[in-house]
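Q: Okay, so the sequence shown: first residue is 21 according to this note's numbering, each after it adds one.
Since the hints were derived computationally from the structure, they do not count as laboratory data.
Hints may be right or wrong, so weigh each one.
[What the hints assert, rightly or not] Calculated lysine-lysine pairs in the DSSO-like style (CA-CA distance at most 30 Å, straight line):
1. K24 - K86
2. K59 - K28
3. K24 - K59
4. K86 - K59
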Amino acid sequence: MYGKGRAKGLVRFLHRPDGTAWTVAVAGDFSDWRPVAMKRRADGTFVRHVPVPSGTFEYKFVVDGKWVTDGDHSAWSFNAYGTFNSVGRA
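Modelling step: build the complete structure from the supplied sequences, incorporating the hints.
A: Here is the structure:
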């Protein structure tokens with residue numbers, strides 16, 4: 021899930037893994053698809069505020085090394101690898 025960040029230009033990403041996850045990162049066109057580590061909270065969710073330029077962006081979560089779309093968001097775009105990316109708007 022994504023939403024408005026704490027400051028202008030930041031987007032808040034939140035991921036609730038199915039079951040137990042050890043590491044979660046978010047990656048997207050805003051990070052040149054380099055994973056940005058997310059912080060685990062006491063309730064088992066992972067969160068990170070990331071600078072994202074205004075407009076539409078594509079992203080995925082990387083959960084224990086596996087790239088997954090955002091299950092809380094249903095806007096997707098087909099990518100060059102034959103899978104889908106989640107699509108958001110900042």
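Q: The structure should be examined with respect to each hint, and the outcome stated for every one.
A: Hints, verified against the model:
no., hint, in the structure
1, K24 - K86, "holds (25 Å)"
2, K59 - K28, "holds (21 Å)"
3, K24 - K59, "holds (17 Å)"
4, K86 - K59, "holds (17 Å)"
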